[in-house]
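**Q** The chain contents come next:
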Amino acid sequence: MSLCDKQIFKSVYLEYSEPLQRFMQSKGMDKDSSLDVVQESFVRLWNNCSKVLKEKAKPYLYTTASNLFIDLHRKTKTALKYREQSSFSGIEKEDPQYKVEMAEFKSRVEAAIDSIPSGAKVVFMMSRFEDKSYKEMAEILNISVKAIEKRMSIALKHIASKKLR
Amino acid sequence: MAIDNDILLSKWYNQDISTEELAVLKEMYDLDELRTSLELMNQYEIDVVPADVGWSGFEKLIDVQKNEDVQNINDPVVDDNQKAWRKSWVKPLLWSLLIAILGIAAYFYFTSPLTLIENKGQEEYLYAFSEGSESVITPGSSIAYDKEDFDNNRVVELSGEALFNVEKGDSFKVKTNAGQITVLGTSFDVWQISDHTLRVECYEGRVSVSDNGGQEVILDAGESVYLRDQSFSAKEKIKHLTPDWKRERKQYVGITVKDLIADVSRFYDYRLILEDIDMSDLFTGVIPINDIDKTSEYLATTLGWRYEKKNKTYIFYRQ
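Chains as they are written, first to last, in my numbering: chain W, 1 to 165; chain R, 1001 to 1319.
Check each hint, because a few of them may be wrong.
[What the hints assert, rightly or not] Mimicking DSSO-like on lysine-lysine, the simulated pairs with C-alpha atoms at most 27 Å apart in a straight line are: (1) W/K54 with R/K1066; (2) W/K58 with R/K1060; (3) W/K135 with R/K1147; (4) R/K1168 with W/K135; (5) R/K1060 with W/K135.
Hints were generated in silico from the structure; no laboratory data involved.
Computed from a predicted structure; not experimentally measured.
Whenever a hint applies, use it, and build me the whole structure from the sequences.
**A** Dropping the structure here:
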């Protein structure tokens, strides 16, 4: 199955576009810059479609995106959004007081995540927001599972030191 | 089996913790509070552009690229007289270039270029090696090492300052222009203040610090040493278990003002310049490094200078 077949390429795009954007944001890029890097990574994959096997597309994309990040080295704040399926039962979402409190809470969560040192932050966000296992993260980041465990502990220590409620 | 406190939180998070380890962790953290904080985070997700929207944008990008390729094909054709003239020198030139390229490629293949990790940002950067060791690289500093051969030969070249947490195993060496450090598995900070001044602090285990002539000093946990111009200071005891920069301060002892300004500059995205100040004057003291204005104010007050700020440059003068 060749990546030069547009339908196959599209399936790869749909599978990895969003996780790759989250990966770039966890490194510290904003939403727009993350999309730029992701699109450029896919363009490079498309231009090399005859040389990259479909099963190698994922590591190719993550490596390309990481290298582009190093080149650009832009760092901005974490941006989260409310999950649509999330809710607090019994609370009126349109209540102005509720909206203010939730906005403040969101800021505290974003600030708590931004306080985590960069390497640990990537691991925390991949685990928390993408449900990646330690083994999966080790493969993507090309480091040992032990290194992942250490970084996760660093991240959790920082979260533990913040009062989010 | 000994409990590794460094990864207890991660084991708890991964639901892979023993009863004994959990008891230790409960003494250290309020796990209910942490669990609640993490559950509250579940309300959120990272804001990304949906894949189907991104795909439309991507298709436009590759269509634009295809149109540019077609445009190149449609460029004017060169006439035959010009082609003949080019042929006489193009071939030899292309052969020369090919030989040069192959030569350069062979050079890099056989000399195995190093992987360079530079921290160009304003915050510390945590870098993990494949065998489990880690380095926390301070702003403006960099490390370089042979990634392909690292499992067999753990050698890292350092410019600036970094904290190292080394996995036990064969020797791990950190090389700087001022000297080198060899360890077997420990935690230590290496600070190359200038090309001829090095400071090493050992927090765990044992390290060997050597100058370029082979002279050596061994540091145990809780000890530090300076190596200046290939000459060691007396060892000093340290009470802290983390480097100064983690506590947003830097302590300097008998360092020239020139080296002081060069080292402090690494932490900021500003230029620091000395005008009409004797660069060989010596400084001893503790400087705050979390705020460029605080740092400048402190330097000016302590050293009897004045300074002014112009755009992204701080200029220091004698009073």
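**Q** Does each hint fit the structure? Answer for all of them.
**A** Checked hints:
1. Between W/K54 and R/K1066 the CA atoms are separated by roughly 22 Å; this keeps the pair inside 27 Å, and the hint holds.
2. For the given pair, W/K58 sits about 22 Å from R/K1060 by alpha-carbon distance, which is consistent with the 27 Å threshold.
3. Between the alpha carbons of W/K135 and R/K1147 the distance comes to roughly 21 Å, so the proposed pair stays at or under 27 Å and holds.
4. Between R/K1168 and W/K135, the direct Cα distance comes to roughly 22 Å. Compliance with the 27 Å bound is thereby established for this hinted pair.
5. For the suggested pair R/K1060 and W/K135, the alpha carbons sit about 36 Å apart, so the restraint of at most 27 Å is broken.
Of the numbered hints given earlier, the model fails hint 5 alone.
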